[in-house]
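Asker: Chains as they are written, first to last, in our numbering: chain F, 139 to 462; chain R, 139 to 462.
It is possible that part of the hints are untrue.
Restraint-style ranges between C-beta atoms, simulated for each label pair [unchecked claim]:
(1) F:176 x R:179: 53 to 63 angstroms
(2) R:153 x F:154: 33 to 43 angstroms
(3) F:166 x R:247: 40 to 50 angstroms
(4) F:363 x R:399: 51 to 61 angstroms
In silico lysine to any residue, SDA-like type, Cα no more than 25 angstroms apart, as pairs [as the list claims (entries may be wrong)]:
(5) F:395 x R:283
(6) F:395 x R:253
(7) R:394 x F:392
Now the stretches of chain R that chain F is said to cover, found in silico as 3 or more residues with beta-carbon under 8 angstroms [as the list claims (entries may be wrong)]:
(8) 386–400
(9) 440–448
No lab work stands behind these hints, which were simulated from the structure alone.
Even for Gly, the Cβ is constructed at its ideal location relative to N, Cα and C.
Number of protein chains: 2
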Amino acid sequence: MPTIKDVAQKAGVTVTTVSRVLNNRGYISEATRQKVYQAMEELHYQPNEIARSLHRRKSNIIGVIIPTVAHPFFGELTNFIEFYAYQQGYKIMVCNSHLNRDKEKEYIDMLKRNQVDGIIMGSHTLDVEEYHNLRYPIVTFDRKIGDFPYIASNNYQGGTLATNLLISKGCKKIAHICGNLTLDLLANQRSEAFQEITNQHGIESVTVQTNMDVFDDDQYESILNQLFSEHGDIDGVFATSDIIAAYALKVCRLFKKEVPHDIKIVGYDDVKLASIFVPQLTTIRQPLEDMAALAVEVIVKQINGENTSLENVFPVKLMERQTT
Amino acid sequence: MPTIKDVAQKAGVTVTTVSRVLNNRGYISEATRQKVYQAMEELHYQPNEIARSLHRRKSNIIGVIIPTVAHPFFGELTNFIEFYAYQQGYKIMVCNSHLNRDKEKEYIDMLKRNQVDGIIMGSHTLDVEEYHNLRYPIVTFDRKIGDFPYIASNNYQGGTLATNLLISKGCKKIAHICGNLTLDLLANQRSEAFQEITNQHGIESVTVQTNMDVFDDDQYESILNQLFSEHGDIDGVFATSDIIAAYALKVCRLFKKEVPHDIKIVGYDDVKLASIFVPQLTTIRQPLEDMAALAVEVIVKQINGENTSLENVFPVKLMERQTT
Chain F
139 MPTIKDVAQK AGVTVTTVSR VLNNRGYISE ATRQKVYQAM EELHYQPNEI
189 ARSLHRRKSN IIGVIIPTVA HPFFGELTNF IEFYAYQQGY KIMVCNSHLN
239 RDKEKEYIDM LKRNQVDGII MGSHTLDVEE YHNLRYPIVT FDRKIGDFPY
289 IASNNYQGGT LATNLLISKG CKKIAHICGN LTLDLLANQR SEAFQEITNQ
339 HGIESVTVQT NMDVFDDDQY ESILNQLFSE HGDIDGVFAT SDIIAAYALK
389 VCRLFKKEVP HDIKIVGYDD VKLASIFVPQ LTTIRQPLED MAALAVEVIV
439 KQINGENTSL ENVFPVKLME RQTT
Chain R
139 MPTIKDVAQK AGVTVTTVSR VLNNRGYISE ATRQKVYQAM EELHYQPNEI
189 ARSLHRRKSN IIGVIIPTVA HPFFGELTNF IEFYAYQQGY KIMVCNSHLN
239 RDKEKEYIDM LKRNQVDGII MGSHTLDVEE YHNLRYPIVT FDRKIGDFPY
289 IASNNYQGGT LATNLLISKG CKKIAHICGN LTLDLLANQR SEAFQEITNQ
339 HGIESVTVQT NMDVFDDDQY ESILNQLFSE HGDIDGVFAT SDIIAAYALK
389 VCRLFKKEVP HDIKIVGYDD VKLASIFVPQ LTTIRQPLED MAALAVEVIV
439 KQINGENTSL ENVFPVKLME RQTT
């Protein structure tokens, strides 16, 4: 095991300097800081976490990494995270990672430098290598990465509720528009449930994936146009977000299909907008506020060195409205 | 004018300690820090900004104060602000102020302590006393406060375009749902334009204000229900946001009024959702991305001690779709 002395020697600085960099204390030039980081990385140096946390200066900042705050689901989630973080004396730094892995990596580096105390990670990036072997306060959202605690709602239950509802309402051919299944997200379990249940009931099904940037709204309309053109006999849609469901409503109007008479639609999330659309969306409600509150609780416990539960899965709820 | 010596004496610490607090450098206990701040406040001490900025350690964090990121307009705005800030090497810290003045004040204190380098302020709080006499990098959004540079779109032009369109389409009695006019926002100019133009044309008008928490969605439906109950002959609605316009669409459906045949609706903002609603919303487009980019440019220039333009007003654009 390399020691702090080895790091100092390799970086050509004193032990005090390394200690200062680790604890983000005193004045250190950016060049020196970089030299020390490099030496630490080359030697795979792991500072003694407990000793470190006793000394380190807290920033009281939590980093929140999400695909984009412009999407209603993440906008509402971030609002709640900020609300509960503030109750605990923390501010939040928001990173819209989109699919930018480098940007996400910078936040992890900030965590290493104690510029943020912890990270709530709900990004959709494909590679998550950077997270492995990290021993910092991190909680993931709808993703399972290494041994980090995670927050999710029961996606399999959500997929089951949505699919069963459409079948019980008499749908014979159901389309499912889901995210990109290449991404390792727990939300994929919605699609698994959909597939299994339609198979069990011998119901014809079509599954369409969005592209990698699942929140690129522009694609939804063309995906749905193509779907309805190729499968004129679809009589049920299970969309993996309320926004996609809203586009389905719009495209139904273009194809002169009446909702719910000709075609039934179920969304997902129950963002505020779900109840404004006409007809009001039937959807699967994720308990966003509770999930945000727990994400903050888990990250703050980690920051304070307390134990936290690893798997935190919330039940979802079917909100039956006017589209089914 | 009090000096750094006076502050040190009052706080019972050395001049070096005060300097460290000012420049956020070296180790300072929280108790000492608080003593120094208190002394500074009591003495109304204003550090020499230029000398200070030469010494101070930048945080590369911009504070963004908005009513709530859960509202689509501010969600999209924050997404763009983060995008452009990141290009310039800045991270953003998001504060959903709602109507909480104390919360907002904390961010100003962070600015004073160099924990954030600047603030983009778009909150809707009633009192803005804390901002006066501040000499820090601040840019306001849709508000004019003291001598701070501000970013806005041309609200008067927006109100004019919306009202003229409704009149030209034959509306004889137009309702206007606006924010709370007690709040000192530039958006109030939309209502001024509405009032002037309907008066000029001798068009009957009803103006309804939302309550202070203008983004409390729950109120919209009851406001519109009451409006349509009391004024069954309204044939035009100018709503001050697309979300309110969407609620108007919903309530029209309840009152069996066909849009645009019986009643015409114009929204405001042109958030992404405006084009998903059926029928698609006619609205006034604010150039959100350009406004966000300039807000970042102005704040970064201030942080770097460069001059910036004080009044930054963007033209708006009428997006005629299916509700008029």
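Asker: Is the gap between the beta carbons of residue 166 (chain F) and residue 247 (chain R) within 40 to 50 angstroms?
Answerer: violated (26 angstroms)
Asker: Is the listed coverage of the segment 440–448 of chain R by chain F valid when you require three or more residues with a beta carbon under 8 angstroms from a beta carbon of that chain?
Answerer: Coverage by chain F is violated here, the residue count being 0 at a Cβ distance below 8 angstroms.
Asker: Compare the distance between the alpha carbons of residue 394 (chain R) and residue 392 (chain F) with 25 angstroms, and conclude whether the hinted pair is satisfied.
Answerer: Status holds; Cα separation ~21 angstroms.
Asker: Between the segment 386–400 of chain R and chain F, see if three or more residues pass the 8 angstroms beta-carbon test, and mark the coverage as holds or violated.
Answerer: holds (count 3)
Asker: Hint check: residue 395 (chain F) vs residue 253 (chain R), CA-CA at most 25 angstroms. Holds or violated?
Answerer: It is violated: about 56 angstroms lies between the C-alpha atoms, which goes past 25 angstroms.
Asker: For the range 53 to 63 angstroms, tell me whether the beta carbons of residue 176 (chain F) and residue 179 (chain R) fit it or not.
Answerer: 43 angstroms Cβ-Cβ, so the 53 to 63 angstroms window is violated.
Asker: Mind checking the hinted window 33 to 43 angstroms against the Cβ distance between residue 153 (chain R) and residue 154 (chain F)?
Answerer: Check failed, 25 angstroms falls outside 33 to 43 angstroms.
Asker: Just to be careful, I want the Cα atoms of residue 395 (chain F) and residue 283 (chain R) compared with a cutoff of 25 angstroms; is the pair within it?
Answerer: violated (52 angstroms)
Asker: Using the Cβ atoms, figure out if residue 363 (chain F) sits within 51 to 61 angstroms of residue 399 (chain R).
Answerer: violated (27 angstroms)
Going down the numbered hints, you'll see the structure goes against 1, 2, 3, 4, 5, 6 and 9, while the others check out.
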